[in-house]
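> One letter stands for each residue in the lines below.
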Amino acid sequence: MNDKKEHLEPVQLLLVDDERGFVDIISKRMGKRNIEVTKAFSGTEGIRALRGQDFDVAVLDLKMEDMDGIEVLKLFKKIVPDMPVIMLTGHGSEQAAREGIQFGAFDYLTKPCELEDLIGKIHAAIEKRR
Amino acid sequence: MVLIITLVSLTPLFLVSGIILYQFHVSYKEKVYDHLGELIQKHTQNIDRFLKEKLADIRFLAETFGFEDLSDEAFLRDRLETLQRDYGPVFVDLGVVNAQGLQVAYAGPFKLEKAVYSKAEWFKKAMNRRFFISDVFLGLRGLPHFIVAVRDNWKGTHWILRATIDFVAFNNLVENIHIGKTGFAFIFNTKGEPQTKPFSDIMPDRKTYMHFLTRTEPEKNRINIVEARDHSGKKKIYVSSFLKHGDWMMLFQQDSSDAFADFRRAMGVTVLILLLGVFGIVTTALILSKKMVNRIARADREKERMNEQIIRTGKLASVGELAAGIAHEINNPVAIMVEEAGWIEDLLEEEEFRKSANLDEFARALKQIRTQGKRCKQITHKLLSFARKTDPRVQDVQLNDLIAELVELSAQRAKYAKVVINTHLKAGLPSLKASPSELQQVLLNLINNALDAMEKTGGILDIGTRLEGANIIIEISDNGPGIPEPNLEKIFDPFFTTKPVGKGTGLGLSICYGIVRKMGGEIEVRSTVGKGTTFVITLPAKGGAGESPIHRRETTERQPPRNHHTSLTNTPPEQRYE
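So the protein lines, in turn, are chains A and B.
Position one of the first sequence corresponds to residue 972 (my numbering), numbered consecutively onward.
Position one of the second sequence corresponds to residue 2 (my numbering), numbered consecutively onward.
Hints listed in this document are in silico derivations from the structure and should not be mistaken for laboratory results.
C-beta atoms are modelled at their ideal positions from N, C-alpha and C, and glycine is treated no differently.
Check each hint, because a few of them may be wrong.
Stated by the list, open to error - Derived, one-sided and incomplete: chain A residues facing chain B with beta-carbon distance under 8 Å: (1) Glu-990; (2) Gly-992; (3) Phe-993; (4) Ile-996; (5) Ile-997; (6) Lys-999; (7) Arg-1000; (8) Lys-1003; (9) Gly-1061; (10) Lys-1082; (11) Pro-1083; (12) Leu-1086.
Just chain A, same shape as in the assembly (with noise of 0.2 Å):
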């Protein structure tokens, strides 16, 4: 992989989604790429992780049980205003995506996700936030 990013700083990441297995994965595959994953699975884990630590970037599934992802979404932005967010939505409720952007996330991806794409969406928010 990106060599030169082996030696940087972990990326601190919020991975909110409530389908367990794939968060487990992910978050091993992540590992392995210099991305520190943060694992919440649920609307509410993510707020209660958020309040305990900084993250560079969070991703966001939109469909979760508990909560709605743009109420998630918009509590995100209350608590840490400048921490961008990527949100995941499932084939066809681009809507949504489009009215959390609205809200001030910072991209979408369409779930499921190539983890290349997911993890340069995620460069690309760190970059833009620097």
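Add chain B to chain A, keeping to what the hints say.
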């Protein structure tokens, strides 16, 4: 229904006509009877007056001159001449008869001097009365005549002055009564013997007039009008009236058909009008009800078809929802599987596995998992794209990519239909400003229609794209059976379908038409029966917004003249939906 309409409209017509006709008939009959009665009364009075006048003349003669003067035949002749001068040849002769019945004096054309009347019936009757008018009889002279006689006294004995009234003159009085073609009058005595010249052919039956003669006394003083059938069954009107103090009866007869001729004519016209009216009403009722029944039947059929289409659309929608749900559910496990494979790939890069003999085989297997996972993803994507509600949002669309995707999606169906799909896609087309899902719907619909058309025989489906100025042209041609010209006109109408009931909604092409128009383009069809059908969609390329890119004339000129060509739109400026 025809029966009810006919009955309802005819009943009042018949009722009103019937009532009016009846009233008219009654009043007309009254009028005819009144008229006839009056006429007969007048004539009866005339004849009565005639007889009275003649009697008065003779009486005047008898009372003025007496037996002595009148017994002188020369004087009597003189008197006859005076009478004939005053009244014309009404008086035929004059005679003076003594109490023994011997005619003592005679003036007239016959040789009746000294004639003896003692046995004559009129003489016996005249001797018993002051005045006497006899019935018509032949007498001594052998000619029909009647006698007016006045009895007077001379030296204690009766004598009689008699005059013969010319029958022809009297007869004329009655013959003058002539109404219409068949109205004639006759006079009878109490025995029923005709007192006027009888017309044998039109004489009333004896039975009929005898009936009138047997009237009771009070009835004799007024006019009797009766309608009855004669021996031949013909309906006739009889009017009877008595004269000469009940001795004679005038009987007038006329055929009813003649008397009521005017009425019959009016009735004929009325009935004719009525019949025409009935015919008109029945015809109208028939035509109207037939029309109505047809219309209702058509509406029923239409409704049935609509219902089926609604059900079908509903089914499609629920199947679509189900598919979408499954696709969503499958997405996550597939994603996890692919990522797990990726994780193994990640791990294989580590030192300890690098020496493994099967490393290449691992790598190949993992790549395969990844590839197949991507394939699953594509399938679910397509399923979702197909099932979800169309997203009208306008994006930049690469038309060729979209077509390639659709061809891939249709490949399986095409294989079953033995259709070969050829694409001639112009490389480097500019992107379109359009809703991908809507555009996809349009193209998929046209492809599916073409496949349907060629399903039985197989064939070739050509899909081509090209650039013409600022427009992108998509041509979808099949070599199926083609569309007959009458249908070509209606092909974009909603609910028009040539597919069997339950197979097609008839909505596909009308939706296509709507979408293409919304994009600011146009869709045309040309078809030759037996050769195939071509749909041509012209869309403004990206950046062509605001221009009016397509002119109808331009497109028309492009068409080969042998083909039927229907141009459907005047292209509005491109519309955007955001």
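> Taking 8 Å as the limit, does the beta-carbon of Gly-992/A come near enough to a beta-carbon in chain B?
At about 4 Å, which falls below the 8 Å cut-off, the nearest Cβ of chain B leaves the hint on Gly-992/A intact, so it holds.
> Measuring from the C-beta of Lys-1082/A to each C-beta in chain B, is the shortest one below 8 Å?
7 Å, holds
> Restraint: Glu-990/A near chain B, CB-CB cut 8 Å. Satisfied or not?
5 Å, holds
> Taking 8 Å as the limit, does the beta-carbon of Ile-997/A come near enough to a beta-carbon in chain B?
Because about 6 Å separates Ile-997/A from the closest Cβ in chain B, which is inside the 8 Å limit, the hint holds.
> Quick one, is the Lys-1003/A hint okay against chain B at 8 Å, beta carbons?
5 Å, holds
> Let me know if the C-beta of Ile-996/A comes in closer than 8 Å to any C-beta of chain B, holds or violated.
Given a least distance of 4 Å, the restraint on Ile-996/A holds.
> Using 8 Å as the Cβ threshold, decide whether Arg-1000/A counts as touching chain B.
The hint holds - Arg-1000/A has a Cβ within 8 Å of chain B, the shortest such distance being about 5 Å.
> The hint names Gly-1061/A as touching chain B; please verify it with the least Cβ-Cβ distance against 8 Å.
With a closest approach of 6 Å, the Gly-1061/A hint holds.
> Can the hint on Pro-1083/A be confirmed by a CB-to-CB distance to chain B that is less than 8 Å?
With a minimum Cβ separation of about 3 Å from chain B (threshold 8 Å), the hint on Pro-1083/A holds.
> Would the hint on Lys-999/A be counted as holding, given a Cβ-Cβ threshold of 8 Å to chain B?
Holds. Min distance 6 Å.
> Using the nearest Cβ pair, does Phe-993/A come within less than 8 Å of chain B?
Because about 5 Å separates Phe-993/A from the closest Cβ in chain B, which is inside the 8 Å limit, the hint holds.
> When the nearest CB of chain B is found for Leu-1086/A, is that gap smaller than 8 Å?
6 Å, holds
Taken one by one, the earlier hints all hold for this structure without exception.
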